[in-house]
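Once you've looked at the hints, go ahead and assemble the two chains, each given alone in its own frame, into the complex.
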Amino acid sequence: MTTTSAHRPPDVLPQARDLQQPSLSRTALAGLAVVVLLVTSGLFAVTDLAGRAGFVVVATLLYVAAQTAVSRVVEGGRRSVDRLVTTAVIASFLIALAPLISVLLYTAEQGLTRFDWDFFYRSLRSIGARDPGGGANHAIVGTLQQVGLATLMSVPLGLLVAIYIVEYGRGRLAATIRFFVDVMTGIPSIVAGLFVLSFWILGLGFGYSGFAAALALTVLMLPVIVRSAEEMLKLVPNDLREASLALGVPRWRTILSIVLPTALPGVVTGIMLAVARVMGETAPVLLTAFGTASIVRSPFEGPQSSLPLFIYQEAASPQGTAISRAWTAALTLILVIMVLNLLARLVTRRSTLKK
Amino acid sequence: MAKRIESVGLSAYYGGFRAIEDVSVVIEPKTITALIGPSGCGKSTFLRTLNRLHEVVPGARVTGQLLLDDEDIYGPGVDATGVRRTIGMVFQRPNPFPTMSIYDNVAAGLRLNGVKRKGVLDDAVERSLQGANLWKEVKDRLTKPGAGLSGGQQQRLCIARAIAVEPQVLLMDEPCSALDPISTLAIEDLMTELKDRFTIVIVTHNMQQAARVSDRTGFFTIEATGEPGRLVEIDDTQKIFSNPGEKRTEDYITGRFG
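If you read the sequences in order, they're chains A and B.
Heads up: the first sequence runs through residues 1 to 355, numbered per our numbering.
Heads up: the second sequence runs through residues 1001 to 1258, numbered per our numbering.
Just chain B, same shape as in the assembly (with noise of 0.2 Å):
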């Protein structure tokens, strides 16, 4: 079920402006990929062409191909909703709907696409709370609202909301950024975890968590202010940190840059 991504030549702008310019990226399935590099980079506009999520954005559009397995997800008459349901994602902050009770958020996403059985949608929760780690947590309170949880909690919490759906591929963007090391190392640890079902893209700010939990590293940088990102190499995670191939990724690892 885990889908491989392709992209080719593919480049994204905020009306005039181009924010990433030329990317091609090749991301096997079943594996974790980190996206590093300075603030403004693009890292994060990338994650979210990958889930046509750019686009929401008024006046943001995409050039290029993006291949889900074969098929060009930028290709005509390809629905952006479709993609979005094969392609999950969890954000910089936790954000669970805050008018809804735990159970209610992890449902939230097969609810709205029309799914009613109870009892598919409870299978659903408890085997999504549990791939979240937060089964045993939240199991006697899952009507609370999920805003009373703990900030860790609220984002394994959307973690569990995105994979309830069953995507092929979770996009993570900075889910970490927000929380102690407690929760970002429960975070990590689930990552390793759900490695095994999905194609998980991560986007950081940490280098450490980068060399942690993924697989193979990809780092974006930009020239100047103004001008667009670009991914400057990607490679197995360990060459990168160890013997990267470029002198700016090394640069940027061992701090002298960014």
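Same shape as in the complex, but just chain A (with noise of 0.2 Å):
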């Protein structure tokens, strides 16, 4: 019997001849940063490039060419490619975090302008959009309140549909059932509002109201919080039915207790997307509360503002003193969405186990 190298086509996998390859050190690459920052320097003191964004851009692309090219010549090809795909990655990472941090420290900056006690302790009754002062407090009553009962009626309602398809639903009716669910995923809102303006408000003459708005987010929430706890409750592994049922707790039961605390993490986080998304939502709020500039603490009386609609109304005015007022709305309702955020973060840290 011949041995197995001799069997061995020979090249196919070229063998590391030294298993200690020489590398670039962080002081290195620091170096070379350093070199590339200088000529881009003087790259746009010579020729007539200009300003800081293209400043970056510049100084990144040559960069990453300068560091490919060196690793290529000391690293050798698969470092340097491994290198170029890490700066890739990071340089993606940061470009889209740019917007976002842009938008944020923007509306900061714009919206710290009004951010005082009477933004928040008066409404825009007798406030033309010329006058300073005036407040939102109607607007983040009404989007509270409006959020909060169309949070009420779609978390039990979604949760519900959910529980079926994933544990009870069977055959046809959960197929028909998701499906449609699917469909009204694919809503737009602002048809939400229209079919509770022409339903609700014009068909049945309850009026504009903050609750007419309300009934507009619910039906936005619902397929969103039904297919999100709908994948969290099939990630729930089956042994932990199986155990709970083996113990002779009835099917209901192992529900309840069982699944649903299991897959709650995923679940709350469903519930804030889709709070956070209706929490922005301005066409259906407007064909459904209407929207005023006094403070109507019932949602049940009348028309009602919101902060999307506010900043609607504010920004869409040419006067100074209404756009900051905007701005400040824009700020405002970033900041309860954020908050809101955390209280659920700390709630399902809470109710789950430290390990």
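Derived from the structure by calculation, the hints contain no laboratory data.
Since the model is a prediction, treat every value here as computed from it, not as a measurement.
One or more of the hints may lead you astray.
Far from chain B, some chain A residues (derived; all Cβ distances over 10 Å) [unchecked claim]:
1) THR60
2) ALA96
3) LEU104
4) ARG170
5) THR176
6) SER189
7) ASP239
8) LEU286
9) VAL339
10) ARG345
A few chain A positions that, by computed beta-carbon distances, are all more than 12 Å from chain B [what the hints assert, rightly or not]:
11) ALA28
12) VAL57
13) ALA66
14) ASP82
15) ALA91
16) LEU157
17) ASP182
18) THR292
Computed footprint of chain A on chain B, listed as stretches where at least three residues anywhere in the stretch have a Cβ under 8 Å from a Cβ of chain A [stated by the list, open to error]:
19) 1036-1047
20) 1081-1093
21) 1107-1120
22) 1157-1169
Idealized CB from N, CA, C, for every residue including glycine.
This is the structure we're talking about:
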């Protein structure tokens, strides 16, 4: 019998000659960055290239090219490709982050000018676009009530639908429900508003109200909650259901005490995404709550305002006083969503055990 | 409190597929019965028919009779939930409830069935953990998550959880196949202790384990893929491993088949 090495086809895999390979140190890379910065500065001084953004772009591209070239010479082909791709991934992440951060910073910068007591305490009653002062108390109250009511309606309904689909649904009915939930996901928000306007307000004659807006937002939240909860419930291992059933725990109790708590963090994330999504909705609220300049404490009595509606109306005005109120409202909206998200995380963290 | 199990002409189906056919067997109280056989021969399915967990799978059904002391658990008007309360089960992979502490895991069966009194729960948790030989290891960290234990400890936690509801029969579906030899030994010792209180039925791929712990051994097999599994024979463990009545059993045990 011949040895295995005789059977080995030659040169399919080049053998590493030396396991110790030269590599670029951090200092070398930092030096390279300094050189690239100097070269770019020179380039911007000599040619008619200009601007901060341009400088960043040119410097980044030059650095990537220089790093790849140097690495290829010193470290070889595979390592230089590794460095190139790593740098590309980090750069893509920073590019994706840039709009988010710039929106946040710009909104904060613009919004802080009117981030005062009056803004949260007063409404726009008898305040014209030109007048300074005025506030969004009515809009904040409206947003919280409308989204709160919509959440109260859509969360139980959505969870029950998801539980039915995952735990009980068999055959055609479950497939049909899943299909219609998918269709609902695609409903444009203004259509949801039009539906409530024609059915609830014009058809049944209930009139504009915060509650009507909550109905429209419910239509938008429901499919998001159902789909996310469905995915999370499916992730719960079947072992756990069987373990509970084998203890003689009834099915409903198993779902309530074992399946739901296990899926809770994911379900809450889905709910928060739905809340964040509808909190910024303007069109359906405009069609159903109509908007008002006064503080309306009850969502069941007459037109109500909301933060997106407030922003939409104030930003449409050419007056600086109105526009800065719109910026502050935008900042408030972002803060409200952030705070709600943080609260939801805290609640789910407390309910699940620490490892 | 341990009960006798007798199956009469029991067949189990997944939709149109017959997984086991015509199994008739008597399992005496306070004994350990091991079920052995090649993969896919229906021994796990048979085990799952014993506590009516088989029917949880969509499309699954059972025909024939299964008598627990003299009551047919598949009889009309018998509640599957009640059956499962009487017949506990331990699974192949340790599956403690991940959101619950060690204490809550053991108390789960009682609590989810409506027991609320703290004294009763405390007693049951300590008794069950002691019964599962786990009390000494976990008594100072009962509030820690059950999922943080080692695999062998988790499996003993699952046994504690199963015996906390005081079942009359304990079913074990390859309870040691995911464990190392030391944890396996701990569980085998535990089974021998639990035999005084429960009727135990264990499915195992490990023939040495069957020979070590069981009083009686049943051999399942299939003729060919797609055919239903059948019980070839069941007899005293010593006889099965020394002088089986069937050629097929002997072939399997001596490693000539399967």
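Subject >> 10 Å cut-off, C-beta based - A:LEU104 kept clear of every residue in chain B >> reply: Label holds. Min Cβ-Cβ 35 Å, cutoff 10 Å.
Original post:
Beyond 10 Å from chain B, beta-carbon-wise, is A:THR176?
Top reply: holds, 17 Å
Original post:
So is A:ASP82 really clear of chain B, every C-beta pair being over 12 Å apart?
Top reply: holds, 37 Å
Original post:
Does the no-contact call for A:ALA28 survive, Cβ to all of chain B over 12 Å?
Top reply: Per Cβ check, A:ALA28 is outside 12 Å of chain B; nearest 45 Å; holds.
Original post:
Are all C-beta atoms of chain B more than 12 Å from that of A:ASP182?
Top reply: holds, 22 Å
Original post:
For A:ARG345, which was marked as not at the interface, is the minimum beta-carbon distance to chain B over 10 Å?
Top reply: holds, 16 Å
Subject >> 12 Å Cβ clearance of A:ALA91 from chain B >> reply: holds, 38 Å
**OP:** Examine each Cβ of chain B, and state whether all of them lie more than 12 Å from the Cβ of A:ALA66.
**Re:** Holds, because the least Cβ-Cβ distance between A:ALA66 and chain B comes to about 49 Å, which exceeds 12 Å.
Original post:
Holds or violated: is the Cβ of A:VAL339 farther than 10 Å from all Cβ atoms of chain B?
Top reply: The assertion about A:VAL339 holds, with a minimum of 26 Å to chain B.
**OP:** Please count how many residues of the region 1157-1169 of chain B have a CB within 8 Å of a CB from chain A and say whether that reaches 3.
**Re:** holds (count 4)
**OP:** Report holds if the minimum CB distance from A:ALA96 to chain B is greater than 10 Å, and violated otherwise.
**Re:** Holds: least Cβ distance 33 Å, greater than 10 Å.
Subject >> Given coverage of the region 1036-1047 of chain B by chain A, tested with a Cβ cutoff of 8 Å and a minimum of 3 residues >> reply: violated (count 0)
When each numbered hint is compared with the structure, violations occur for hints 4, 7, 19.
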